[in-house]
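One letter stands for each residue in the lines below.
2 protein chains.
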Amino acid sequence: MFKRILVPFDGSKGGEHALLKAVELATLCGAEINVLTVYRHHSMLEASFSMVRAADPGSMDDAMRSHAREVAEHAKKLAIDAGAPTARAFVKAGQPARTIVRFATEHDCDLIVLGARGMGSVEGYLLGSVSHKVTGLAHMPVLVV
Amino acid sequence: MFKRILVPFDGSKGGEHALLKAVELATLCGAEINVLTVYRHHSMLEASFSMVRAADPGSMDDAMRSHAREVAEHAKKLAIDAGAPTARAFVKAGQPARTIVRFATEHDCDLIVLGARGMGSVEGYLLGSVSHKVTGLAHMPVLVV
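Chains as they are written, first to last, in our numbering: chain H, 21 to 165; chain F, 21 to 165.
It cannot be assumed that every hint is accurate.
[Unchecked claim] Derived EDC-like pairs: lysine to aspartate or glutamate, alpha-carbon spacing no greater than 20 Å straight-line:
id	chain 1	residue 1	chain 2	residue 2
1	H	41	F	30
2	H	41	F	90
3	H	33	H	130
4	F	112	F	30
5	F	97	F	126
6	F	41	H	130
7	H	97	H	126
8	H	97	H	76
9	F	112	F	126
10	H	112	H	101
11	F	41	H	76
12	F	112	F	101
13	F	41	F	76
14	F	41	H	128
15	F	97	F	52
16	H	153	H	130
17	H	33	H	128
18	F	23	H	44
19	H	23	F	128
20	H	41	F	36
21	H	97	H	81
22	F	41	H	93
23	H	23	F	30
24	F	23	F	90
25	H	23	H	130
26	H	23	H	90
27	F	97	F	81
28	H	33	H	44
29	F	97	F	76
30	H	112	H	44
It is worth saying that the hints were derived from the structure and are not from the lab.
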């Protein structure tokens, strides 16, 4: 019933749990897993408000992108080890929720599987978690694990 | 991968869409569908703030319960017509999100499938929709369709 499942992955334990659930579902449906790790461009970091300018902000972006790539590749490996029929790893810079939803739309993903959500407290969940924002923005089904 | 799927159903078009998605998933997993329609007890209605007391508040509850029962049975029929292996209909009074999550916990549901969510606007979604609250409260996966 699903053909391409997007799993935003930030390297957290909750993200890993969601990834394994997504793999189960992908195996059942014969779907492709797209792992996406979103990192923030240096201009989005708090340090960018500092009066002390980084000598080379570009190298910060490089370092963040390269770490994000490691995280995404780790998730891809986890997915394949868990039996995913196909898994691909992607990396994007930007505001997490909007970047995730834009990616899902552009790549024709028909499901987004997310971890990281409130643990029994609406209040915690209300505080702008990524899963909450994605669920509000996405036009495709979202599974919060 | 899922054994018992809870589909809270309010009779809306979005709810029907979610129900059909749940049936697809239930068919794939051989899961049982539990439809739940939640209605509000008369004491939770705005009219209960009125100085004019209803002569018989119990009959309001009866009417609401009986309407909720019709809605739940309609959903059960839809689910069976769509090919659900097993479908059962339930009715409960209470605050929607908390009642849904309590039911899911007590009935060992391992997935909640919900319609009715923000249509591309985080702002709309932030305004306390049921699906948003359920996602924040539930300890089992929640699929927002």
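Structure-based check of each hint:
1. At roughly 28 Å between alpha-carbon atoms, residue 41 of chain H and residue 30 of chain F are farther apart than 20 Å, so this suggested pair is violated.
2. For the hint pairing residue 41 of chain H with residue 90 of chain F, the CA-to-CA distance comes to about 35 Å; that exceeds 20 Å, so the pair is violated.
3. A distance of roughly 24 Å separates the Cα atoms of residue 33 of chain H and residue 130 of chain H; the hinted pair therefore is violated under the 20 Å criterion.
4. With a C-alpha separation of about 12 Å, the suggested pair residue 112 of chain F and residue 30 of chain F falls inside the 20 Å cut-off, and the hint holds.
5. Proximity of residue 97 of chain F to residue 126 of chain F is assessed by CA-CA distance (about 24 Å); at most 20 Å being required, the pair is judged violated.
6. Of the pairs offered as hints, the one joining residue 41 of chain F and residue 130 of chain H holds, with about 12 Å between alpha carbons and a cut-off of 20 Å not exceeded.
7. At roughly 24 Å between alpha-carbon atoms, residue 97 of chain H and residue 126 of chain H are farther apart than 20 Å, so this suggested pair is violated.
8. For the suggested pair residue 97 of chain H and residue 76 of chain H, the alpha carbons sit about 32 Å apart, so the restraint of at most 20 Å is broken.
9. A hinted pair counts as satisfied when its Cα atoms are at most 20 Å apart, and residue 112 of chain F with residue 126 of chain F qualifies at roughly 13 Å.
10. Pair hint residue 112 of chain H plus residue 101 of chain H does not hold up; C-alpha atoms about 24 Å apart against a cutoff of 20 Å.
11. For the hint linking residue 41 of chain F to residue 76 of chain H, the alpha-carbon distance of about 50 Å lies beyond 20 Å, and the restraint is violated.
12. A threshold of 20 Å between alpha carbons decides the hint, and for residue 112 of chain F with residue 101 of chain F the separation of about 24 Å lies outside it, so the pair is violated.
13. In summary, the hint linking residue 41 of chain F to residue 76 of chain F is not supported, as the alpha carbons are separated by about 40 Å, beyond the 20 Å threshold.
14. A hinted pair counts as satisfied when its Cα atoms are at most 20 Å apart, and residue 41 of chain F with residue 128 of chain H qualifies at roughly 18 Å.
15. With a C-alpha separation of about 14 Å, the suggested pairing of residue 97 of chain F with residue 52 of chain F holds against the 20 Å cut-off.
16. Proposed proximity of residue 153 of chain H and residue 130 of chain H is supported: the alpha carbons are some 17 Å apart, at most 20 Å.
17. With a C-alpha separation of about 27 Å, the suggested pairing of residue 33 of chain H with residue 128 of chain H is violated against the 20 Å cut-off.
18. A threshold of 20 Å between alpha carbons decides the hint, and for residue 23 of chain F with residue 44 of chain H the separation of about 14 Å falls inside it, so the pair holds.
19. Taking the CA atoms of residue 23 of chain H and residue 128 of chain F, the gap is about 28 Å. The hint is violated against a cut of 20 Å.
20. Annotation: proposed proximity of residue 41 of chain H to residue 36 of chain F is violated, straight-line Cα distance about 25 Å (limit 20 Å).
21. Distance restraint check for residue 97 of chain H and residue 81 of chain H: the Cα-Cα separation of roughly 24 Å exceeds the 20 Å cut-off, and the hinted pair is therefore not satisfied.
22. Proposed proximity of residue 41 of chain F and residue 93 of chain H is contradicted: the alpha carbons are some 31 Å apart, above 20 Å.
23. With a C-alpha separation of about 29 Å, the suggested pair residue 23 of chain H and residue 30 of chain F falls outside the 20 Å cut-off, and the hint is violated.
24. Distance check on the hinted pair: residue 23 of chain F and residue 90 of chain F sit about 25 Å apart at the alpha-carbon level, beyond 20 Å; violated.
25. Among the hinted pairs, residue 23 of chain H with residue 130 of chain H is consistent with the structure: their alpha-carbon atoms are about 7 Å apart, no more than 20 Å.
26. For the hint pairing residue 23 of chain H with residue 90 of chain H, the CA-to-CA distance comes to about 25 Å; that exceeds 20 Å, so the pair is violated.
27. Of the supplied pair hints, the one linking residue 97 of chain F and residue 81 of chain F is violated, its CA atoms being roughly 24 Å apart against a limit of 20 Å.
28. Proximity of residue 33 of chain H to residue 44 of chain H is assessed by CA-CA distance (about 17 Å); at most 20 Å being required, the pair is judged to hold.
29. This hinted pair does not check out: residue 97 of chain F and residue 76 of chain F have alpha carbons roughly 32 Å apart, beyond 20 Å.
30. Only pairs whose Cα atoms come within 20 Å are accepted, and residue 112 of chain H paired with residue 44 of chain H is rejected, the gap being roughly 25 Å.
Figure legend: structure checked against the earlier numbered hints; hints not met, in rising order: 1, 2, 3, 5, 7, 8, 10, 11, 12, 13, 17, 19, 20, 21, 22, 23, 24, 26, 27, 29, 30.
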